[in-house]
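Enquirer: Top line first, the protein sequences correspond to chains A and B.
Per this note's numbering, the very first residue in the first sequence carries number 4; after that it's consecutive.
Per this note's numbering, the very first residue in the second sequence carries number 4; after that it's consecutive.
Hints may contain errors.
No copy is singled out in the list; a pair is fine if it fits within one copy or between any two copies.
As the list claims (entries may be wrong) - Calculated pairs, DSS-like style, for lysine-lysine (alpha carbon to alpha carbon, straight line, at most 30 Å):
1. Lys33 - Lys114
2. Lys134 - Lys33
3. Lys228 - Lys191
Think of the hints as simulated: they come from the structure by calculation, not from any bench.
There are 2 protein chains.
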Amino acid sequence: VKESLLVIKVGGNVIDNPLACQAFLERFSKLPQAKILIHGGGKIATQIAEKLDIETVMIDGRRITNQATLDVVTMVYGGLINKKLVATLQSLDVNAIGLTGADAGIIRATKRPVKSIDYGFVGDITAIDDKNLTFFLTHGLTPIIAPLSFDASLASMLNTNADTMASAIAVALAAHFEVNLVYCFEKKGVLSNPNNDESVIAALNPAQYDAYKTAGVVNKGMIPKLDNAFAAICAGVSQVTICHAQDLTEAINEQSQGTRLCL
Amino acid sequence: VKESLLVIKVGGNVIDNPLACQAFLERFSKLPQAKILIHGGGKIATQIAEKLDIETVMIDGRRITNQATLDVVTMVYGGLINKKLVATLQSLDVNAIGLTGADAGIIRATKRPVKSIDYGFVGDITAIDDKNLTFFLTHGLTPIIAPLSFDASLASMLNTNADTMASAIAVALAAHFEVNLVYCFEKKGVLSNPNNDESVIAALNPAQYDAYKTAGVVNKGMIPKLDNAFAAICAGVSQVTICHAQDLTEAINEQSQGTRLCL
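Start from the sequences and build out the full structure, keeping to the hints where you can.
Expert: Dropping the structure here:
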């Protein structure tokens, strides 16, 4: 029987709010399972870039990462945010270790090829070092991972989407652990009615998901996220949980909140 | 017989100069021994603090670290500089892992008590987790350590002198390894004549050091550094080497450059 592992992604909406972040980390600290946290960036990088007179260019909601912006996200995601999370978790008796993709070579990527848009220093993940991550976990360490991968051939960090990173890490570790991939979300789960925040779909398997899609019930913006989540399950992840950050404990331990995706 | 370990400290003068830094990392990457790098901060933090309109207050050459300054040094030392070093070393086939004191709880400290001067968020080291550092080293990882410790009771990072950190790490690991603590220096070593950069003293034991001090030969500014270095040797470090960054290879492998301190 494989040991349980939680791979939890928390986004900028929690990171940006000190009270919500502290409450989230307290909940996270009490989860008894082996766990990995992948954190997003939030608005701090944009605010610091503005103060440093670095223009933030967004195309289709994606940040274009030039060298100056890469330096800012490396500082803010890999330094300021990551170390604040680690120091707080250490104070909560979690033996946290902050990592970017470059550290111990855990997340390798290639710089995204330029097609119609040059995204700049953005990484498409090519390899996860599941051995080093497993080594940290079995030693009782809790990896706290910033949304930065790296390209060894360029000797460069690369800006990387935290959702994608969480999914890739969950899939890579499914060989060693029974993985529950948890996305903390602004809503309480996948909604059957986007206008009713309480209309959470408790469980979805691929057939039910297809039926919801056919009926036009699932919000269109959720479809790429759910397609990716089911792809992770097909690649060996045992369960994907989508829940609000404040329901983390109940969604994981009691399975009484959020949406659970499984086969 | 204990395995050899190099604990190497490199300062801001190298970090601030991209060509010198790249050359240093290439030399570092080729050293066959187990090794740890502790890096200083350099001028980048001061420049970024200025751009962010955070005033840098220095008293007796020491930065006063208020909360805004702590955030800057956490970003710059723990993020920007540390991850650039790690990504470059990974490209040179060193399995580097960037760490601050908070990561895996390796360097605990207390916030310096306020006496005549309030240094702010500055850490006085209380404990090094030699077990976790040994665990990384024996797994083939090369820790790259930023000059930041942490206080779990405050859930805060703390600004910490890199020289002091290197010495404390070297002493803590002397129980497990035969440690050579290497300070990369602006000069080629300890000089018998401060006006002659070539007047390097090749070797110093405590008796020779006392004789040089009595004769007034050693530059007064060096005395606290050398006192600390001999204290490290008395606490179990096998050797302290003081050399120029560009002489790293010869100073370590051939013992033909720099100053060596031992009993």
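Enquirer: Each of the hints needs a verdict: does it hold here or not?
Expert: Outcome of the hint check:
Within a single copy, Lys33 and Lys114 get their C-alpha atoms only as close as 37 Å, which misses the 30 Å cut-off; across copies the closest is 27 Å, which meets it. Taking the closest pair of Cα atoms, Lys134 and Lys33 come within 30 Å of each other both inside a single copy (25 Å) and across two copies (24 Å). For the identical chains of this complex, Lys228 and Lys191 are intra-copy neighbours only, at 15 Å inside a copy versus 58 Å across copies, given an alpha-carbon limit of 30 Å.
In this structure, every one of the numbered hints holds.
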